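Peer 1: These protein sequence lines map, in sequence, to chains U and S.
Residue numbers for the first sequence follow my numbering, beginning at 126 and rising by one.
Residue numbers for the second sequence follow my numbering, beginning at 126 and rising by one.
Please keep in mind that the hints were generated in silico from the structure rather than gathered at the bench.
Treat the hints with caution; some may be incorrect.
Repeated chains share a single entry, so a pair holds when one copy, or any two copies, can fit it.
Calculated cross-link-like contacts (lysine to aspartate or glutamate; reagent style DMTMM-like; alpha-carbon spacing at most 25 angstroms) [unchecked claim]:
no. : residue 1 : residue 2
1   : 186       : 235
2   : 427       : 171
3   : 221       : 363
4   : 150       : 171
5   : 288       : 158
6   : 130       : 185
7   : 154       : 588
8   : 382       : 588
9   : 186       : 469
10  : 426       : 611
11  : 373       : 359
12  : 424       : 552
13  : 373       : 328
14  : 382       : 359
15  : 451       : 182
16  : 154       : 171
17  : 451       : 469
18  : 154       : 328
19  : 366       : 328
20  : 150       : 425
21  : 186       : 158
22  : 140       : 580
23  : 424       : 611
24  : 130       : 505
25  : 602       : 181
26  : 451       : 598
27  : 426       : 584
Computed from a prediction, not measured in an experiment: that's the story for all the values here.
Number of protein chains: 2
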Amino acid sequence: MKMIKNAIGREIPEKSDGRANIHFKGIGKYHPEGRKIGPPIPSGNDFANKVLRDLDDVLDKLNLFNGMTISFHHHLRNGDYLVNLVLEKFDQRRLKNIIIAPSALFPVHEPIVELIKKGTVSHVIGSMNGPVGRLCSTGGMNKTAILRSHGGRYRAIQDGDLKIDAAFIATPTADVHGNANGVQGPSACGPLGFALADSLYADQVIVVTDNLVPFPTWPWSIEGGNVDYVVLIDKLGDPEKIVSGTTKVTTDPDRLKIASMAARLVRDSGLIDEPEFSFQAGAGGMSLAFIQYVAEYMKDKKVFADFVRGGSTQVLVDMLESGLTKFILDGQSFDLAGIRSLRDNWNHIETNPFVSYNYHTKGCFAPRVKASVLGATEIDLNFNVNVNTHSDGWLLHGIGGFQDAADAYLTIITAPLYRKTNPIVVERVHTVTAPGETIDVLVTDHGIAVNPDREDLLDRLKDSDLPIVSIEELHQKAIDITGKPEPARNKDNVIALIEWRDGTVIDAVREIDLDKLNN
Amino acid sequence: MKMIKNAIGREIPEKSDGRANIHFKGIGKYHPEGRKIGPPIPSGNDFANKVLRDLDDVLDKLNLFNGMTISFHHHLRNGDYLVNLVLEKFDQRRLKNIIIAPSALFPVHEPIVELIKKGTVSHVIGSMNGPVGRLCSTGGMNKTAILRSHGGRYRAIQDGDLKIDAAFIATPTADVHGNANGVQGPSACGPLGFALADSLYADQVIVVTDNLVPFPTWPWSIEGGNVDYVVLIDKLGDPEKIVSGTTKVTTDPDRLKIASMAARLVRDSGLIDEPEFSFQAGAGGMSLAFIQYVAEYMKDKKVFADFVRGGSTQVLVDMLESGLTKFILDGQSFDLAGIRSLRDNWNHIETNPFVSYNYHTKGCFAPRVKASVLGATEIDLNFNVNVNTHSDGWLLHGIGGFQDAADAYLTIITAPLYRKTNPIVVERVHTVTAPGETIDVLVTDHGIAVNPDREDLLDRLKDSDLPIVSIEELHQKAIDITGKPEPARNKDNVIALIEWRDGTVIDAVREIDLDKLNN
Numbered sequence: 126m127k128m129i130k131n132a133i134g135r136e137i138p139e140k141s142d143g144r145a146n147i148h149f150k151g152i153g154k155y156h157p158e159g160r161k162i163g164p165p166i167p168s169g170n171d172f173a174n175k176v177l178r179d180l181d182d183v184l185d186k187l188n189l190f191n192g193m194t195i196s197f198h199h200h201l202r203n204g205d206y207l208v209n210l211v212l213e214k215f216d217q218r219r220l221k222n223i224i225i226a227p228s229a230l231f232p233v234h235e236p237i238v239e240l241i242k243k244g245t246v247s248h249v250i251g252s253m254n255g256p257v258g259r260l261c262s263t264g265g266m267n268k269t270a271i272l273r274s275h276g277g278r279y280r281a282i283q284d285g286d287l288k289i290d291a292a293f294i295a296t297p298t299a300d301v302h303g304n305a306n307g308v309q310g311p312s313a314c315g316p317l318g319f320a321l322a323d324s325l326y327a328d329q330v331i332v333v334t335d336n337l338v339p340f341p342t343w344p345w346s347i348e349g350g351n352v353d354y355v356v357l358i359d360k361l362g363d364p365e366k367i368v369s370g371t372t373k374v375t376t377d378p379d380r381l382k383i384a385s386m387a388a389r390l391v392r393d394s395g396l397i398d399e400p401e402f403s404f405q406a407g408a409g410g411m412s413l414a415f416i417q418y419v420a421e422y423m424k425d426k427k428v429f430a431d432f433v434r435g436g437s438t439q440v441l442v443d444m445l446e447s448g449l450t451k452f453i454l455d456g457q458s459f460d461l462a463g464i465r466s467l468r469d470n471w472n473h474i475e476t477n478p479f480v481s482y483n484y485h486t487k488g489c490f491a492p493r494v495k496a497s498v499l500g501a502t503e504i505d506l507n508f509n510v511n512v513n514t515h516s517d518g519w520l521l522h523g524i525g526g527f528q529d530a531a532d533a534y535l536t537i538i539t540a541p542l543y544r545k546t547n548p549i550v551v552e553r554v555h556t557v558t559a560p561g562e563t564i565d566v567l568v569t570d571h572g573i574a575v576n577p578d579r580e581d582l583l584d585r586l587k588d589s590d591l592p593i594v595s596i597e598e599l600h601q602k603a604i605d606i607t608g609k610p611e612p613a614r615n616k617d618n619v620i621a622l623i624e625w626r627d628g629t630v631i632d633a634v635r636e637i638d639l640d641k642l643n644n
Numbered sequence: 126m127k128m129i130k131n132a133i134g135r136e137i138p139e140k141s142d143g144r145a146n147i148h149f150k151g152i153g154k155y156h157p158e159g160r161k162i163g164p165p166i167p168s169g170n171d172f173a174n175k176v177l178r179d180l181d182d183v184l185d186k187l188n189l190f191n192g193m194t195i196s197f198h199h200h201l202r203n204g205d206y207l208v209n210l211v212l213e214k215f216d217q218r219r220l221k222n223i224i225i226a227p228s229a230l231f232p233v234h235e236p237i238v239e240l241i242k243k244g245t246v247s248h249v250i251g252s253m254n255g256p257v258g259r260l261c262s263t264g265g266m267n268k269t270a271i272l273r274s275h276g277g278r279y280r281a282i283q284d285g286d287l288k289i290d291a292a293f294i295a296t297p298t299a300d301v302h303g304n305a306n307g308v309q310g311p312s313a314c315g316p317l318g319f320a321l322a323d324s325l326y327a328d329q330v331i332v333v334t335d336n337l338v339p340f341p342t343w344p345w346s347i348e349g350g351n352v353d354y355v356v357l358i359d360k361l362g363d364p365e366k367i368v369s370g371t372t373k374v375t376t377d378p379d380r381l382k383i384a385s386m387a388a389r390l391v392r393d394s395g396l397i398d399e400p401e402f403s404f405q406a407g408a409g410g411m412s413l414a415f416i417q418y419v420a421e422y423m424k425d426k427k428v429f430a431d432f433v434r435g436g437s438t439q440v441l442v443d444m445l446e447s448g449l450t451k452f453i454l455d456g457q458s459f460d461l462a463g464i465r466s467l468r469d470n471w472n473h474i475e476t477n478p479f480v481s482y483n484y485h486t487k488g489c490f491a492p493r494v495k496a497s498v499l500g501a502t503e504i505d506l507n508f509n510v511n512v513n514t515h516s517d518g519w520l521l522h523g524i525g526g527f528q529d530a531a532d533a534y535l536t537i538i539t540a541p542l543y544r545k546t547n548p549i550v551v552e553r554v555h556t557v558t559a560p561g562e563t564i565d566v567l568v569t570d571h572g573i574a575v576n577p578d579r580e581d582l583l584d585r586l587k588d589s590d591l592p593i594v595s596i597e598e599l600h601q602k603a604i605d606i607t608g609k610p611e612p613a614r615n616k617d618n619v620i621a622l623i624e625w626r627d628g629t630v631i632d633a634v635r636e637i638d639l640d641k642l643n644n
């Protein structure tokens, strides 16, 4: 396999599965050519009645073939029934080498592993979480996996890099025309934005619901004009696992300390006082604590944000309802308060990766976010971040929105200095998910490092009493505690590519060497 | 010019301007092939700052060339300033042979006539209203005009039949990212749906506003991710002419009689009492009277509509607010009450021709409308309708949404039996805008004719005491009063094509013979 070094010195294969890889050239350096793809031109006459009463009926009508690519979204998270249901039907019909292109997978989707071993499924294009990642890491997929961010997946679909033959879209409410949303019905999950590209560009689009209503349902996150069939099934998923009843702010002192320092950093940077303030943080306990700290600072200063970016939760909804932000721009709801607010509050806006994250647009709003708080598996002396592989080399996580959210003016990584015996600040990350030039600050429980290329930020923070040190110091502290980490045990064989959001390849992931690992 | 007879016997040119015409084959008989087009793939990096302070700045940055196609929407109606402003700039820059593809033109756009004569503008693709239609009728355009319905225009753009090099989109409110809506700002006009296709498919998209706000404005009828530039100008238009203060119900006894009979027809058909009732009527005084009559019947019967289709007006808003309809599906607002309701009422939904009218979708909602009330210039013994040309042959009107709205379950034409000395019911319409198979009933002040092919309707109406007669009788009554009409004075030369909503050509319009006309 001929390898090329990309702009950050990572070796990537010249070709994968016969397709030439475009190597990462640096942020904003790669200019795409060509035109977005278009789906087949339909005729309205063929869609007078598109409601079907079970999955078999729809499979009878679809154009199914061996080697086809089918897609799913992950808004039902670990409560999703649909992926397994559909794949079971494909298996019963003895279809082979199906390619699955989900926006993400969860532990509930473990049956895919057996279907790959059996040959029903060829491989997965998308995030490699848990069991599927483990299979991929040991060379169990038939093709090189491609990992993309949420924005990168939309880009790949619209640009024609990822052609979807049939999209199965779980929708908690759909009308007989195929208009659908995620805020109503027993399986309500919030936004449906991760399925938007699939609905617009797939050759065949199937909406599956357990809450079929007359035309029109409103809002219509998915538009009936893009939908071939509407299928009613008993249950889309397990509501308890689709969304949590409530999300919980951390009570762990170390994590509270990190959250508090990240919030002080945002305050001390002066961003909070400036017009058009906005921020993004996740739904984890530490992120929620960060949001609460920032909200307190904002209250003190009597300022408000132009918008906050969800993953929505009770904590963000509180900010909206108390006037601390004009809008929530929501990509996925993580608790019931988030769903209720999205359903009922005009200023809680459903977004999708086209508007939020897709780099191949005339601008998405990711770079308009002033401060973005993200986690990491590893970060290195060049501020490169890894969220995909563990330091032992296993590929166990997708990119999620990481690369996209790192487009904020101030991208903050929050992480403990070490986890168990693993340092988080390392000399060189095992896998680069996002290059150092997109990462501005690392906040750990042992100090804060600012990317030295961000002189503007250092200037903003010059009067701050935060414990700002160099990343080298943090690295030294970490290995003083954990010792030098064991090198990962990999073969040369590339089993997955990490795509940057512009479609170039930023890193390659290699097969785990089980022999060495077991020694 | 070689001519072909299409499925309803109309002679159309085999080719126009080198392009082969597909002749109309009957409703649902033409099956499109191929894929929708895609716009160029952009890179977010190039759109960090897209706000410009005047039209010249944006024209300096655009790729402008002789013979290019530029587009506009008509939501600002006769109050629009933008079309003339932009064309004046093109003229100053000595650009030549510009093709204009508006969703419609109004009398305020008369300066286009001079620009065509001068060579700045080559021709207009779109509705041929008033002065521009007059020029077209006398052979003054450089190419054969193509008239499309609102749905047909969207179809043509998405299918690649109408390529737009630059779309200039007047938006009453826009944010710095290019998100835009029509419900806020001094030039508020209501929905912006007629510009949606342009924003999605044009090579260059320019949002022009007189109300620039920080990110994010909400709602975003136009999405910033599709927008190249945002331009702030002083005034988009004259608010008094963009929208009327109030729309007025007719008080003319003959028109009230027609409206009342149309409403009784809808009642007597039984549709009002059935589930999923819905209807569509325009904003003219007679249509408003029809709506009020239907609303009265609904109140009496204690039933409600699942939706009503706007053009929204005070009369429709009253229905929504009093619970007579669950939703208004609005394509354009005709008075201030319509705009206010669209802005403030969650159940007043902004629509666009993709969801409402486009035939090359997996279904639009036009066929879900139960009763649609439309006007006509002429209707003939085969129920063919003409809304484009006058009986003397002049091409003076666009198609608007006529062909699309005629997809309703019950399409009703309301018209007086004659206007001045012109019978409205004629032997053969001068131009076919919509074929008889889409037209179900004609309601005139002298009686009602039901299309004999609609046996189901005749059955529904068998107990009605409405004056139902044959269309032949209506025709005879008309010419008994007016006498036989003069034949139109046309040359053989085809100056315009009437496209059916599926992209096939349903009729051709010929040049006016001024010599004969003046004799």
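Peer 1: Each hint: holds or not?
Peer 2: Results for each hint:
1. Taking the shortest alpha-carbon separations for residue 186 and residue 235, neither the intra-copy value of 28 angstroms nor the inter-copy value of 53 angstroms comes in at or below 25 angstroms.
2. Proximity of residue 427 to residue 171 under the C-alpha cut-off of 25 angstroms is found in neither arrangement, the shortest distances being 57 angstroms within a copy and 35 angstroms between copies.
3. Taking identical chains as interchangeable, the C-alpha atoms of residue 221 and residue 363 are never at most 25 angstroms apart, the minima being 29 angstroms within one chain and 63 angstroms between chains.
4. Taking the shortest alpha-carbon separations for residue 150 and residue 171, only the inter-copy value of 16 angstroms comes in at or below 25 angstroms, while the best intra-copy value is 46 angstroms.
5. Taking the shortest Cα distances, residue 288 and residue 158 sit within 25 angstroms of each other both inside one copy (18 angstroms) and across copies (18 angstroms).
6. Proximity of residue 130 and residue 185 under a CA criterion of 25 angstroms is satisfied in neither setting, with 48 angstroms inside one chain copy and 40 angstroms between copies.
7. Neither within a single protomer nor between protomers do residue 154 and residue 588 lie at most 25 angstroms apart by alpha-carbon distance, with minima of 35 angstroms and 74 angstroms respectively.
8. For a Cα distance limit of 25 angstroms, the shortest separation of residue 382 from residue 588 inside one copy, 20 angstroms, qualifies, whereas the shortest one across copies, 80 angstroms, does not.
9. When the C-alpha separation of residue 186 and residue 469 is checked against a cutoff of 25 angstroms, the pair qualifies neither within a copy, at 37 angstroms, nor between copies, at 42 angstroms.
10. For the homomeric pair residue 426 and residue 611, neither the shortest alpha-carbon distance inside one copy (47 angstroms) nor that between copies (80 angstroms) is at most 25 angstroms.
11. Neither within a single protomer nor between protomers do residue 373 and residue 359 lie at most 25 angstroms apart by alpha-carbon distance, with minima of 31 angstroms and 50 angstroms respectively.
12. Neither within a single protomer nor between protomers do residue 424 and residue 552 lie at most 25 angstroms apart by alpha-carbon distance, with minima of 40 angstroms and 76 angstroms respectively.
13. For the homomeric pair residue 373 and residue 328, neither the shortest alpha-carbon distance inside one copy (41 angstroms) nor that between copies (47 angstroms) is at most 25 angstroms.
14. When the C-alpha separation of residue 382 and residue 359 is checked against a cutoff of 25 angstroms, the pair qualifies neither within a copy, at 46 angstroms, nor between copies, at 51 angstroms.
15. Taking the shortest alpha-carbon separations for residue 451 and residue 182, neither the intra-copy value of 46 angstroms nor the inter-copy value of 32 angstroms comes in at or below 25 angstroms.
16. In this assembly of identical chains, residue 154 and residue 171 lie within 25 angstroms of each other by CA distance solely across copies; the values are 11 angstroms between and 45 angstroms within a copy.
17. For the identical chains of this complex, residue 451 and residue 469 are neighbours both inside a copy (15 angstroms) and across copies (17 angstroms), given an alpha-carbon limit of 25 angstroms.
18. When the C-alpha separation of residue 154 and residue 328 is checked against a cutoff of 25 angstroms, the pair qualifies only between copies, where the shortest distance is 22 angstroms, while the shortest distance within a copy is 32 angstroms.
19. For a Cα distance limit of 25 angstroms, the shortest separation of residue 366 from residue 328 qualifies neither inside one copy, at 31 angstroms, nor across copies, at 44 angstroms.
20. For the homomeric pair residue 150 and residue 425, neither the shortest alpha-carbon distance inside one copy (44 angstroms) nor that between copies (70 angstroms) is at most 25 angstroms.
21. In this homomeric assembly, residue 186 and residue 158 come within 25 angstroms of each other (Cα to Cα) only across copies, at 20 angstroms, whereas the closest approach inside a single copy is 36 angstroms.
22. Within a single copy, residue 140 and residue 580 get their C-alpha atoms no closer than 38 angstroms, and across copies no closer than 65 angstroms, so neither meets the 25 angstroms cut-off.
23. In this assembly of identical chains, the alpha carbons of residue 424 and residue 611 never lie at most 25 angstroms apart, being 47 angstroms within a copy and 78 angstroms across copies at closest.
24. Proximity of residue 130 to residue 505 under the C-alpha cut-off of 25 angstroms is restricted to the intra-copy arrangement: shortest distance 19 angstroms within a copy versus 73 angstroms between copies.
25. Taking the closest pair of Cα atoms, residue 602 and residue 181 never come within 25 angstroms of each other, the shortest separation being 59 angstroms inside a single copy and 58 angstroms across copies.
26. Taking identical chains as interchangeable, the C-alpha atoms of residue 451 and residue 598 are never at most 25 angstroms apart, the minima being 40 angstroms within one chain and 64 angstroms between chains.
27. Within a single copy, residue 426 and residue 584 get their C-alpha atoms as close as 22 angstroms, which meets the 25 angstroms cut-off; across copies the closest is 72 angstroms, which misses it.
When each numbered hint is compared with the structure, violations occur for hints 1, 2, 3, 6, 7, 9, 10, 11, 12, 13, 14, 15, 19, 20, 22, 23, 25 and 26.
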